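*Asks:* The primary structure of each chain is shown beneath.
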Amino acid sequence: MRRAGPLLLLLLAAVLTGRARAQMGSLAGLDREFTRVVTEVAPAVVEVEPGVSGVCVSSEGFILTDAAVALRLTSSKQTSVRVTFPDQRSFQATLHASDAATRTALLKIDERVRLPSVRPGDPADLEVGHLLMTVGNAFGTARESQPAVTLGVVSSIRRDAQGELLLLETSAATNPGQNGGPYFNTDGELIGLLHQLGDGFDLATVTPIGRIRAAYPTGARSRSVFDTVSRLDTPRTKAQVLSRAFQIAAERARPQLVSIHVQRTLPEEAAPTPAADEPDSGKEQGDAPPPPPAIAIPEGPITGTLVDPRGFVLAAAAPFGANVESIEAVSQDGRRFRATLVSRDEKAGLALLLLDQRPTDRWPKLKVIPQEQLDLGQFVIAVGALSDPSGPDSSGKNDLYATVGLLSNRHRLDAHRDALQTDAGVSYKNAGGLLVDLRGRALGILLPPALPFGQNSGLGFALPMDALLERLPLMMEGRDLVPAYIGVMLSDAPGDQVGALISDVSEGFPGARAGLRPGDLILKLDGRDIRNRQALSDYLAKYKYAGDALKLTVLRAGETLEIELQLDRRP
Amino acid sequence: MRSVLPLLLWTGLLYVPAPAQDSTRDEAEDEIMLAEAEKLERSMVRLVEKVRESTVAVVRYQRKDVDGQSVEVASGQGSGVVVSRDGKVFTNVHVIDQASRIEVIFADGETAEAELFSSMPLYDFALLRVRRAGLKPADFARTTRVEPGQWALAAGNPRGLGADGEPVVTLGIVSGLGRVAGGRYRYNNAIQTDAEINPGNSGGPLFDLDGRVLGINGLISTRDQSKTNVGVGYTIPGDQIRNFLPRLIAGDIVEPGYSGLMVLPETHEQGGVEIARVIHGSPAAKVGLRIGDRIIGVNGTRIENHTDWSNVIAMLPGGKSLSIRFVRDGRGSVKRFTLLTSAPERR
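So the sequence lines, in the order shown, correspond to chains A and B. The opening position of the first sequence corresponds to residue 1 in our numbering, with each subsequent residue numbered one higher. The opening position of the second sequence corresponds to residue 1001 in our numbering, with each subsequent residue numbered one higher.
Hints are supplied without guarantee of correctness; some may be wrong.
Straight-line Cα separation of at most 20 Å, EDC-like style, residue types lysine to aspartate or glutamate; simulated pairs [claimed, not checked]:
| no. | chain 1 | residue 1 | chain 2 | residue 2 |
| --- | --- | --- | --- | --- |
| 1 | B | 1136 | B | 1110 |
| 2 | B | 1039 | A | 299 |
| 3 | B | 1320 | B | 1269 |
| 4 | B | 1050 | A | 60 |
| 5 | A | 108 | A | 33 |
| 6 | A | 77 | A | 33 |
| 7 | A | 542 | B | 1038 |
| 8 | B | 1039 | A | 60 |
| 9 | B | 1039 | A | 110 |
| 10 | A | 365 | B | 1110 |
| 11 | A | 367 | B | 1038 |
| 12 | A | 367 | B | 1027 |
| 13 | A | 542 | A | 496 |
| 14 | A | 367 | B | 1164 |
| 15 | B | 1050 | A | 375 |
For the record, the hints were derived by calculation from the structure and aren't laboratory data. In this text the structure is predicted, and so the values were computed from the model without any measurement.
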C-alpha cells in the first residue's frame, strides 16, 4: 500500500503529460499534412541552370521553366540544357516551346525514363488568403542538398478586363535563385510559376497555371503536356481549414476598406528605391547594421479604412505631402469619392480623410476586439485594398490584399506608441488597412512601415482599434495628434530609491507651469508607480498626446504632492 | 454578407452572385471552418505561451571612449534559450563577442547579469551562466526527424524588441535541411526556415509544434543593407548542440572532434570525398586511412558530396566513434576509430 502513493503520482503525471501532448496534437496533424505535400512535390522540382528552377509536369519528361532559358538556348546555338533532379539524376533537355506572355519555356527530356512529376491544380479556386508553398533554391544555398520550401498565402489576385486571372501575388518568401520556381496549393497541385521577384514593397508574383496550360495546348503526339490526375475527394485537411478561414477573414474586412489614389501637382522627387534589385547573397551575422535604405513612399494606390459612417477614412499619412492636388478613394463596391485631409496622428503616422459623400447606405458595422482580450499567438490577417486607378475594370471591386501571421505582442512600445505587433507582412500596400482575427473582426489599423524594421520583415505593427476609436472624435474635429512634451530633465533616483528625479525644468513648458522643481522625485504617473526615469518617457510615448492631462505624484522635502498638468507639443 | 462574395468561374464569366439559398448553407459551412480553425488557433496560443518561457534577450555591453572617458554602453542585442534549471543560457558567440558585460532578460521581465561560461567559437556556440535558479529549460527535439514543410516558431529579440521581457514569436516552416553557411563561424547541417528572423534574433531558439527546440537561429540571407528578413534564415541544428552541450557544460573552450584527416574541398567526380591529408599519429592514421582514399559513408550515412561530409563530421564531438566507409583501388572497406576531443599539441 505504501508503494502505491508514488506509483499513483507517476500515473497521474503520465496522464497529465499525455493530456498536454494531446492539446498540441491538433497542430501535429498540420505538420504531417505539409511534410507530406513537400515529399510529394519536391522530387519534381529541378535545377535547369544555376539560379533557375523548373518543374517536371509530366512523367514523360516535360519541364516547365523560365523563358530566359529559351532565350539563352536560341541565342547561343546550344540545342539542349542539363536538368538536374533533387535525387542528383540529370538529363539533357531540348526546347519544346516558349511563351513570352507567361514568361515560361517548356523543355523536353527525351530519355525514356520515368520521372517524378506534379499535377496542375485549378488556380481559379484560389482566393486571397489561401495558403500556398513554393520550392526552390534561394541564394543557391541548397546546391548540394534538397531545395527549400517556403509558405505563404495568396496576397492579391490580378485579373484582366474579362475577369480572367492574370497574376497572383504571394507572401511566400521568394528570392534570387528561384526564377522559374513552381508554386503549389496545400493539396500539392501546381498552381503557377514565378513571374517576378518582389522588392520589399511588391511581393513575388506568380503566373497562374491556367494561363500556362493555355500557352502549351499539346505536347508530343498531340497529347496533353501535363499529367492530369482526376482529383480525389480528399478528406478536409487542416491546411484547407486554415486557408478557408484566412480567406473568410480577409473577405469580411473588405467592405471596410477603400483604395486611395493621390494626384500630385509636381512629380515626386526621385524617391529612394526601397531595395536594390542586385541580389546579395552575403549572409549577415547578427547586429550593428549600417544604416538601411529609407522606405520609399509609394506612387501607386494605398489602403484606407472606413472608421465612421459619415465617411471618415484612416490611411498612412506619408503620401499626403505638400504637393497633393487631389485625393480619390474607391470603395469596395466601385464607387469613387473625393477625399480631403482632416487631421494627422503624428505618432502613428496616420492621416484622417473625409469622403465627399457617405460611402454606403448600409454601414458595415465595425466589430472591434479590445486590445486586452487578444491572445498572443492568435492568427491575424493584415488586409488591404488596392485598385488600379486607370484600370479597365472601373466598375470592379478593389483588389483585396492580405498577409497572414501571428499576433506577436499586445503592447509593443515601438518608437512612439503602444502597438500590436505581428509577423504578418506589413508594407505600404496594407498600411492603413486592418489587422483582423479569423472572424474578420478588427484588432487594429496597420501602421506604415518604418525603419529599422522595414517592409514585410515579420516585424509589423498596428494601432489597437479600441485606443484609436477613443481618440477618433478629436481627430474628426480636425485636431492633429502630436507627441506630448513635459519639459523636464530627469535622472534616476539615487541609491535604492525608485522613481524619476527632476534635475532641471524648462521655463515656459508644462512642467514649469505646474510648479515642478529640480529635486522633485516623481513617484507615480496617473496613479501608477514608476521605477526609473525611462518610465516617464515610455508612459508619454505609449499613452499621451499634446493637450492631454497628466497627474503626477511627487515627493518634495519629505512631503507627497499631487500635481496635475496639461501636456504640450514639443517646441 | 456572404451573398455578395464572388463565385468565380474559370470559363471567363465575371462575378456571379451565389443564390440566396446557397449563401445560408455557405455561412453554415463557414462557421464550421472557422470553429475548426479556432481550435488550431487555441493550440497555437498555448504553444506560443510555452515557447516564450525559456526564451531570453541577451544584451551586450562594451566599453567605449566618450570624451576621453571610458563608458559602458549597450552595443548589441541578441537572444538566447535557457538550457538548464540552474541558469545556463545558450546563445551565439557573435552575440556576446568582445562584451565587457552581458545582461540576460527573462520572459518574466527579470534582468540578470550573465558571464560567459564556455564557448565553441568555430560553430558560434556560447554558453552563459546566470545566477538564477528554478528556470524552465527548453527541451531539444531530435533533429534527425525534422522534415521540410513542418511548421516552426522562432522566438527572440529582433531589433531589440524583446528586451522588455516580451520575446517576439514568428511563424514559418522548415524550408530545408543540411545547409552549409557562414563565414567567420561555420554553420553545418543547418535548418533553413522562413520563420522571420531579423538582427537580434541571433542566439534565439526555433521551436517545433510540440514546443521543443529545433535549433538556434544565427544567420540570415539578405538582399540589401537593411538586413531585413527575406524568409531565408539558418538555424544551428539541435542535435549538434545536444552533442556538444555536455562538453560546454563541463566548461572551457570546446573544439570539434579530432580525426586527423582532411579531405579535398570539392566532391569527387565519382561521388564522395577524397582524403587529401592524414596527420601522422592521428586516430585516422592509426587505423590506416591514406591519402587518395575516397570516403563514401560515415556512421551509416551515405556521403555523396562534400556537403554531406562536412555536415556529418561537424555533428560529432570528441569521444564519438567514427565508422568510415571508403574506396581504395576500386575496393570498398570500412575503418573505425574514436575522435579525440581536440588536436594534440604540436611538437
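*Asks:* Each hint: holds or not?
*Replies:* Do the hints match the structure? See the list:
1. The hinted pair formed by residue 1136/B and residue 1110/B meets the criterion: a straight-line CA distance of about 14 Å does not exceed 20 Å.
2. For a cut-off of 20 Å, the pair hint linking residue 1039/B to residue 299/A is broken: about 41 Å separates their Cα positions.
3. In summary, the hint linking residue 1320/B to residue 1269/B is not supported, as the alpha carbons are separated by about 29 Å, beyond the 20 Å threshold.
4. For a cut-off of 20 Å, the pair hint linking residue 1050/B to residue 60/A is broken: about 49 Å separates their Cα positions.
5. For the hint pairing residue 108/A with residue 33/A, the CA-to-CA distance comes to about 31 Å; that exceeds 20 Å, so the pair is violated.
6. At roughly 45 Å between alpha-carbon atoms, residue 77/A and residue 33/A are farther apart than 20 Å, so this suggested pair is violated.
7. Of the supplied pair hints, the one linking residue 542/A and residue 1038/B is violated, its CA atoms being roughly 31 Å apart against a limit of 20 Å.
8. For the suggested pair residue 1039/B and residue 60/A, the alpha carbons sit about 43 Å apart, so the restraint of at most 20 Å is broken.
9. Taking the CA atoms of residue 1039/B and residue 110/A, the gap is about 50 Å. The hint is violated against a cut of 20 Å.
10. Between residue 365/A and residue 1110/B the CA atoms are separated by roughly 42 Å; this puts the pair beyond 20 Å, and the hint is violated.
11. A threshold of 20 Å between alpha carbons decides the hint, and for residue 367/A with residue 1038/B the separation of about 18 Å falls inside it, so the pair holds.
12. Restraint check for residue 367/A and residue 1027/B: the C-alpha separation of about 18 Å stays at or below 20 Å, so the hint holds.
13. For a cut-off of 20 Å, the pair hint linking residue 542/A to residue 496/A is broken: about 26 Å separates their Cα positions.
14. Distance hint between residue 367/A and residue 1164/B is unfulfilled; the C-alpha atoms sit about 31 Å from each other, more than 20 Å.
15. Our distance criterion of 20 Å between C-alpha atoms is met by residue 1050/B and residue 375/A, whose separation comes to about 13 Å.
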